[in-house]
Amino acid sequence: MKIAYLRRSPPHYPRLTKECNSLVRLGHRVTYIGWDPTPREKRPHELHPDVELRVLELEMELGRPELLKSLRWYWFMLRSLGFRRFDAVHCVDEEAAVMLAPFKHVLFRYLVMDVYDSIIKRKASTPLHAWVFRSIRWLANSVSDRIIETSEELRETLGKFQSKAVVIFNSPEDPGASVQGILPPTDGPLLMALGGSINMRRMALEPLVRVLDRLGPEKILVMSSGQLTDDYSRQQWVKHPCVRHRWLDSSAEYFRQLAECDVVHGVRADAEDSLYRSLVFPQKVFDAVAVGRPVLVATENWVAGWLKQRELGYSCSFRDDQAMERILLECRERRAQLPAFAARARELYLREFDWKRMEERLAALYRQLQQR
Numbered sequence: 068m069k070i071a072y073l074r075r076s077p078p079h080y081p082r083l084t085k086e087c088n089s090l091v092r093l094g095h096r097v098t099y100i101g102w103d104p105t106p107r108e109k110r111p112h113e114l115h116p117d118v119e120l121r122v123l124e125l126e127m128e129l130g131r132p133e134l135l136k137s138l139r140w141y142w143f144m145l146r147s148l149g150f151r152r153f154d155a156v157h158c159v160d161e162e163a164a165v166m167l168a169p170f171k172h173v174l175f176r177y178l179v180m181d182v183y184d185s186i187i188k189r190k191a192s193t194p195l196h197a198w199v200f201r202s203i204r205w206l207a208n209s210v211s212d213r214i215i216e217t218s219e220e221l222r223e224t225l226g227k228f229q230s231k232a233v234v235i236f237n238s239p240e241d242p243g244a245s246v247q248g249i250l251p252p253t254d255g256p257l258l259m260a261l262g263g264s265i266n267m268r269r270m271a272l273e274p275l276v277r278v279l280d281r282l283g284p285e286k287i288l289v290m291s292s293g294q295l296t297d298d299y300s301r302q303q304w305v306k307h308p309c310v311r312h313r314w315l316d317s318s319a320e321y322f323r324q325l326a327e328c329d330v331v332h333g334v335r336a337d338a339e340d341s342l343y344r345s346l347v348f349p350q351k352v353f354d355a356v357a358v359g360r361p362v363l364v365a366t367e368n369w370v371a372g373w374l375k376q377r378e379l380g381y382s383c384s385f386r387d388d389q390a391m392e393r394i395l396l397e398c399r400e401r402r403a404q405l406p407a408f409a410a411r412a413r414e415l416y417l418r419e420f421d422w423k424r425m426e427e428r429l430a431a432l433y434r435q436l437q438q439r
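Per my numbering, the sequence shown starts with residue 68, numbered consecutively.
The hints are simulated quantities; they were obtained by calculation from the structure and are not laboratory data. Values in this document were obtained by computation on a predicted structure and should not be read as measured data. You may find that some hints are simply not true.
[Said to hold, decoys possible] Heads up, simulated DSBU-like pairs for lysine-lysine below, C-alpha to C-alpha not over 35 Å straight-line: (1) Lys306 - Lys136; (2) Lys190 - Lys306; (3) Lys136 - Lys188; (4) Lys375 - Lys423; (5) Lys190 - Lys171; (6) Lys188 - Lys375; (7) Lys423 - Lys227; (8) Lys375 - Lys190; (9) Lys171 - Lys136; (10) Lys171 - Lys188; (11) Lys136 - Lys190; (12) Lys231 - Lys188; (13) Lys109 - Lys69; (14) Lys136 - Lys109; (15) Lys306 - Lys227; (16) Lys109 - Lys171; (17) Lys375 - Lys109; (18) Lys306 - Lys375; (19) Lys286 - Lys171; (20) Lys306 - Lys231; (21) Lys136 - Lys69; (22) Lys227 - Lys109; (23) Lys227 - Lys286; (24) Lys231 - Lys375; (25) Lys109 - Lys423; (26) Lys227 - Lys190; (27) Lys69 - Lys306; (28) Lys227 - Lys188; (29) Lys171 - Lys423; (30) Lys231 - Lys190; (31) Lys109 - Lys190; (32) Lys188 - Lys306; (33) Lys306 - Lys286; (34) Lys109 - Lys306; (35) Lys286 - Lys136; (36) Lys69 - Lys188; (37) Lys286 - Lys423; (38) Lys69 - Lys286; (39) Lys69 - Lys227; (40) Lys227 - Lys375.
Modelling step: build the complete structure from the supplied sequences, incorporating the hints.
If you want it as structure tokens, here you go:
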């Protein structure tokens with residue numbers, strides 16, 4: 068099949084890389100259509116060389132949408148779809164599905180919606196906003212031929228549209244070879260990995276900084292990586308004496324950094340914003356399990372119970388810096404148990420979450436479309 072993978076982002080995000088590369092390995096012809104809002108920041112990507120790139124390079128300040136530039140993106144998207152009749156569009160999230168709905172059966176045949184960050188994740192400020200979010204989601208679910216959700220709990224929120232859905236966990240490709248035999252030192256400060264889109268609200272940085280202030284760099288160091296998306300992270304977080312921040316150019320570097328740490332930070336303060344947010348299965352959980360490290364999450368997220376049941380990590384309220392401090396000190400004391408923990412976590416990853424298993428689900432989804 069000729070597939071257009073459409074996401075309003077540059078082509079270096081792990082989820083889209085995994086899916087595009089899998090589709091190519093499965094024999095499909097893939098074109099990635101995206102938007103790079105920071106074209107001056109040239110960042111490498113790991114897309115398969117057979118993925119054709121059509122990326123709008125148009126600068127926009129993060130978090131401050133401009134109407135004319137958004138319209139220009141919409142026009143670029145439609146022109147990109149029009150240059151070749153695609154069999155399917157694989158789009159990310161409901162807003163894109165709704166924008167594409169009028170052109171289904173004109174520019175493409177099938178619409179696959181990958182729900183990576185649902186519109187109902189947002190905390191609606193008024194009942195009208197909540198109604199608008201629900202309406203957009205209903206319309207997107209209606210026009211999509213298949214829907215991809217990232218956990219069984221989120222699939223169950225689809226109601227009558229569950230029959231269209233397939234669960235593809237946001238788990239990584241096996242980093243086994245790149246992290247083989249790596250363990251953090253058994254003495255010195257505790258090493259905690261923190262990465263992704265870093266900002267004060269999302270990562271609950273203020274409570275964590277209070278813990279760092281009390282413990283100091285002699286007891287804890289945070290190995291920080293990813294994109295700094297607010298003034299707090301750019302001006303205060305990276306300057307903290309307990310923080311070592313750097314940009315990592317490849318997934319191999321990222322997983323090596325996780326393996327070199329004692330614990331992975333997966334606390335999200337936005338888990339209380341909506342039911343959808345509370346049900347999200349954080350990517351950091353899969354990343355930590357893949358390298359055999361415990362992960363710390365917020366009790367406001369349902370996955371806290373999942374981790375406790377399997378003894379794969381720790382949880383505390385994102386507001387409770389005292390509990391967070393106790394957990395981190397406990398991690399430091401249990402370093403000798405890490406090799407046995409790592410072996411058990413890796414075995415679970417390979418059995419249930421290896422990306423090869425997710426690729427099989429993706430293959431089945433598109434095979435069913437072809438049979439139609």
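Evaluation of the provided hints:
1. Lys306 - Lys136: Answer holds: Lys306 to Lys136 is near 34 Å, not above 35 Å.
2. Lys190 - Lys306: holds, 31 Å
3. Lys136 - Lys188: holds, 24 Å
4. Lys375 - Lys423: Roughly 26 Å separates the two Cα atoms, so the pair holds.
5. Lys190 - Lys171: holds, 30 Å
6. Lys188 - Lys375: holds, 24 Å
7. Lys423 - Lys227: With Cα atoms ~29 Å apart, Lys423 and Lys227 stay inside 35 Å; holds.
8. Lys375 - Lys190: Between Lys375 and Lys190 the Cα gap is close to 27 Å, so the pair holds against 35 Å.
9. Lys171 - Lys136: With Cα atoms ~24 Å apart, Lys171 and Lys136 stay inside 35 Å; holds.
10. Lys171 - Lys188: holds, 26 Å
11. Lys136 - Lys190: Within the cut-off at roughly 25 Å; holds.
12. Lys231 - Lys188: holds, 20 Å
13. Lys109 - Lys69: With Cα atoms ~28 Å apart, Lys109 and Lys69 stay inside 35 Å; holds.
14. Lys136 - Lys109: Holds. Lys136 to Lys109 sits at ~20 Å (cutoff 35 Å).
15. Lys306 - Lys227: Distance ~49 Å between Lys306 and Lys227 Cα, so the pair is violated.
16. Lys109 - Lys171: holds, 34 Å
17. Lys375 - Lys109: violated, 41 Å
18. Lys306 - Lys375: holds, 34 Å
19. Lys286 - Lys171: violated, 57 Å
20. Lys306 - Lys231: Roughly 47 Å separates the two Cα atoms, so the pair is violated.
21. Lys136 - Lys69: holds, 28 Å
22. Lys227 - Lys109: Since the Cα atoms of Lys227 and Lys109 sit roughly 43 Å apart, the hinted pair is violated (cutoff 35 Å).
23. Lys227 - Lys286: Judged against 35 Å, a Cα distance of about 51 Å means the pair is violated.
24. Lys231 - Lys375: holds, 31 Å
25. Lys109 - Lys423: This hinted pair holds, its Cα atoms lying about 30 Å apart.
26. Lys227 - Lys190: holds, 24 Å
27. Lys69 - Lys306: Between Lys69 and Lys306 the Cα gap is close to 47 Å, so the pair fails against 35 Å, i.e. violated.
28. Lys227 - Lys188: Within the cut-off at roughly 19 Å; holds.
29. Lys171 - Lys423: holds, 31 Å
30. Lys231 - Lys190: Status holds; Cα separation ~26 Å.
31. Lys109 - Lys190: holds, 33 Å
32. Lys188 - Lys306: It holds: about 31 Å lies between the C-alpha atoms, which stays within 35 Å.
33. Lys306 - Lys286: holds, 17 Å
34. Lys109 - Lys306: Measuring from Cα to Cα gives roughly 24 Å; hence the hint holds.
35. Lys286 - Lys136: violated, 47 Å
36. Lys69 - Lys188: holds, 31 Å
37. Lys286 - Lys423: Measuring from Cα to Cα gives roughly 38 Å; hence the hint is violated.
38. Lys69 - Lys286: violated, 53 Å
39. Lys69 - Lys227: holds, 29 Å
40. Lys227 - Lys375: Between Lys227 and Lys375 the Cα gap is close to 31 Å, so the pair holds against 35 Å.
The structure is inconsistent with the numbered hints 15, 17, 19, 20, 22, 23, 27, 35, 37 and 38, although it conforms to all the rest.
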